Amino acid sequence: MRDQRAAVIVLVIFLVSAVLLLKLFTIQVVDDSFLRRAESNAIQRVVDHPYRGLIYDRTGKLLVFNDPIFDLMVVPREFQVGDTVRFCKLFQISKEELIEGYNAAKSYSRVKPSPLIKQLSTKDFARIQDFLVDYPGLFILTRSVRSYPSPVAAHALGYLGEISAGQLKKDTLLYYSQGDYIGLSGLEKYYENELRGKKGVKYKMVNVRGLDKGPFKEGQYDTLSFAGKNLTSTLDLELQAYGELLMSGKTGSVVAIEPKTGEILAMLSAPFYNPNELAGAAFGKTYSKLNKDTSKPLFNRPIMATYPPGSIFKIVQSLIGLQEGILTPTTTFACNRSLVACHNHPSPVNLFGAIRNSCNPYYHQAFRQIINQDVSSNTFKDTEIGLNAWREKVLKFGLGAPLSLDMSGEKGGNVPSSKLYDRIYGEGRWKYSTIYSLSIGQGEMEVTPLQMANLAAIFANKGYYYTPHLVKAIDGDSKQIPSKFQEKHTVGVDPHHFDLIQDAMAEAIYGTAPRAVMKDLVIAGKTGTAQNPHGEDHSVFIAFAPKDDPKIAIAVYVENAGWGGLAAATTASLMIEKYLRRTVARTELQDYVLAGNFVN
Amino acid sequence: MKETDVQINRIDWIAVSIYFALVMIGWFNIYAVVYDSQVEKSIFDFSISSGKQLMWIGTSIGLIILIMVADYRFFENLSLVIYLLFLLILVLTPFFGKEVNGQILSIGVGEFRIQPGEFAKFATALALAKVMERPTFDLSKRNYQFIAFGVLLVPIGLILLQPDTGTAMVYFSFLLMFYREGLPQWYYGVGLGAIAITLLALGVDNNLYLAAFIVAIIGALIYLGKKSWQRILAFSLIGIGLIAYIYSIDFVVSKLPAHQQNRVMVLFNPEIDPLGVGWNVTQSKIAIGSGGLFGKGYLEGTQTKFDFVPEQDTDFIFCTLGEEFGWFGSLVVIGLFAGLLYRLVIMAERQKTRFSRIYGYGVISILLFHFMINISMTIGLFPVVGIPLPFFSYGGSSLWSFTILLFIFIKLDSSRASQLGRIN
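Chains A and B, in that order, give the protein sequences.
Mapping to the working numbering: the first sequence position 223 is 223, numbers consecutive.
Mapping to the working numbering: the second sequence position 30 is 1030, numbers consecutive.
What the hints contain is simulated information worked out from the structure, not anything from laboratory work.
These figures come from a predicted structure and were not determined experimentally.
Here a beta-carbon is modelled for each residue, glycine too, at the ideal position from N, C-alpha and C.
There may be inaccurate statements among the hints.
Unchecked claim - Each computed DSS-like pair below joins lysine-lysine, with the alpha-carbon atoms no more than 27 Å apart:
| id | chain 1 | residue 1 | chain 2 | residue 2 |
| --- | --- | --- | --- | --- |
| 1 | A | K381 | A | K411 |
| 2 | A | K204 | B | K1296 |
| 3 | B | K1255 | A | K106 |
| 4 | A | K519 | A | K462 |
| 5 | A | K202 | B | K1098 |
| 6 | B | K1296 | A | K112 |
| 7 | A | K260 | A | K547 |
| 8 | A | K61 | A | K123 |
| 9 | A | K488 | A | K189 |
| 10 | A | K198 | A | K61 |
| 11 | A | K204 | B | K1041 |
| 12 | A | K292 | A | K118 |
| 13 | A | K285 | A | K296 |
| 14 | A | K285 | A | K123 |
| 15 | A | K411 | A | K170 |
| 16 | A | K23 | B | K1296 |
| 17 | A | K170 | A | K123 |
| 18 | A | K484 | A | K411 |
Unchecked claim - If you want the footprint, here are the derived chain A segments under chain B, 3+ residues with CB under 8 Å:
| id | stretch |
| --- | --- |
| 19 | 5-15 |
| 20 | 19-31 |
As the list claims (entries may be wrong) - Some chain A residues well away from chain B (every beta-carbon gap over 12 Å; in silico):
| id | residue |
| --- | --- |
| 21 | D67 |
| 22 | K123 |
| 23 | L174 |
| 24 | N193 |
| 25 | S225 |
| 26 | S338 |
| 27 | A341 |
| 28 | K484 |
| 29 | L589 |
| 30 | L594 |
| 31 | G596 |
Just need the whole structure built from these sequences, with the hints factored in.
Put into structure tokens, the structure is as follows:
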């Protein structure tokens, strides 16, 4: 019986060994998931994030760069705080913050690192670097965020954000991965591919704390990263900053373009926000704050807001009339206020007088001749044919469709076609008397401030424009910018027709915007007033200068600031002075604009 | 007095060879754990655990020589004194020992510290052998059972005070020796049944299924057997008792300290919290599992080297072996352990005195338990219990106590011819 029990014990020994070997066989040989998990454990695929390209202004001043930030990481299992008071003093956090941060880290994982203090500045990092050795379980993780030395041009430059699930799905080349930052608006978005550079991959061996234990297989699987390309923007930092100063506290847009090239010198949307606040960890909080703001600081007015062009459109009408031969410099109409309201000025007027005095009845009558050319005996049909023919000519001025600058989200505005009126009134049930308000840029017409600035450039150039754009060179090479920005667009009006227009515009500002006049510099301008059914009208002004050799074309919109001759014209005039003279001598005028009291 | 001399030719060289094989493989593994290709240090470097382990191996050889030259009667005669001495140290440990993580496991002066819980194993084995050696001692009788369990329970109680549940559990391994020495079989039947039901109750999510299963079995037994009312009553009571037991387990588990509760939970679902309580087991399995059939090669392991597995040179030493030498490495080491245990059974069975045989089975019990539980926990078959792998794990107390434990028996075995006259 005892022998039998000894045999049972031997059996137990071999049974135990067999069970262990069997289980080992299943996890070591049969199930290969452990091998994969071991690799993901210890062989880390480290993406080498390239340095994102910088953005400079047209004079070489830095607009956007990368600022290194440092997160203090903690591995709870190894962390020993020792003297809490000393720790809090060294790292400049309160005891509560320490406890809160530590508990948060612990609840994520006791063995994997998580941030204890986020976004230390370079200065703080330098200060605590020496103390780190005293605290096991702490280390620094370096990242970089976009930083803006001058907090201007937020809308034009745009911002970065973590890539969304939808964008990841669209990324068919599988370049991006979860948690990557991608340009979400402005230049950051449009030039994402240029700015981002090329990611590299390093395979390295890491220990449980993620500490580098050398390259895997001597780095033979690694690929290099390439830094992003730098952009040279067309923006003039000083002009942009000055515009933002003038527009602070107001709502509206300023767009300034170099007429001969289509380069955007300044483009701003008021109210502004500080681009530094949308960079890095504060993004989420700031974004939702800005998004909820009723003054819509995130709304990029120069390309997204549309207004009726108002009186400024009369210049386009004049040009079409001249080119058609319907108008000549001597064509005269009476200021017949029974047709449409006008203000006191001599009557009748010729074309020059009509522009200078912004005479509404003149254009009511001129536009009728443009539309109704008796092509059809049916008035309704004739109006339809005339409207569509006219529309084609207006579209050539860069209106009615997005100009497609290097920025997304641009609106096209509206130049109505016969289809629109057919929809509203029914086919064959509308005629000139239905649509006459188009003659003075009212009614269904809508344009963006950018399109208005482009109009100013067309007038300055006597009939052509280059698509406005914000980048003039990529990595210093102007040939790398999209070719569409080097294409000349002509508007189909002979250059000589513009002479009268330019003269009238130069003359007009003496009457309608005397404050905008500069003694020794000829500014050609035209005021406008965009009717606003919700309150005070919007003040609009376009101009170019100097008249004989235009260097700048500008459009200014100041919302709810009333007549264009005041707020918009003075702002435009100051911007022109700033750009052409680099300093502003008319400090009184500047104070007037800064005070911002235009309506009363 | 020639019989007290070392009798080289009577030493069981098979057991001794396996011992040295395991110690050396263990030593190489400890070096693999601390090896860092960026800071190359020699295996003999005393600043790392492999260097220190070499020192423990050297002193163990000294201990072996001391044991082999001692008189075999020394252990038998002084067994109770040794036992009482270690009980005394165990009593003193909580007062004079050093506290680490809420446990007071070691006692000593300065750098020299021992864990009395480890050494009390061989002392208890000696004491049990001494107590049970009398020819009249019969484990099938109640009063002798009390004595045997008494000798066992005193150190268990003292170790639980430290508290060190893992080491305390080791003492229950003497039940294997008790089995060999005649403790009634049905004790083991009931015990194994209870363990099976406990595991089922913990493993099955809904105790209702288990209760229904028991009702069905009891019902079937009543239906198939004699239908006397006593029998029906007895079976019904057993059934009710079992069901009550199943439901009480959840309650007991909920009353356990949180860390022990977690260890139990992780056994059934290691993915429950892979970064928290499941970390040890998950990482240990990943390390072993990534070894494959032949392993990644010596010093080529990534999991154990880069600290993914905690306590890898002590309780989780088997991970390094599994990762770097694969299943074949595991086969060799498990084969060596099984071979040693089998050899020890043969040796125990050839003893001429009850004392030697009982002590031999005590050694088998302790080694088997450590071997089984330690490897089981590294591959997720058993909850994480802090007990070392004999001869393998880093640590002086561990290596010394296993060496003493084993070599006292080898000594007794080598002198068995001298013990002829005292056959029982």
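Practice task
Any hints from earlier that this structure breaks? Give me their numbers in increasing order, please.
Solution key: 1, 5 and 17
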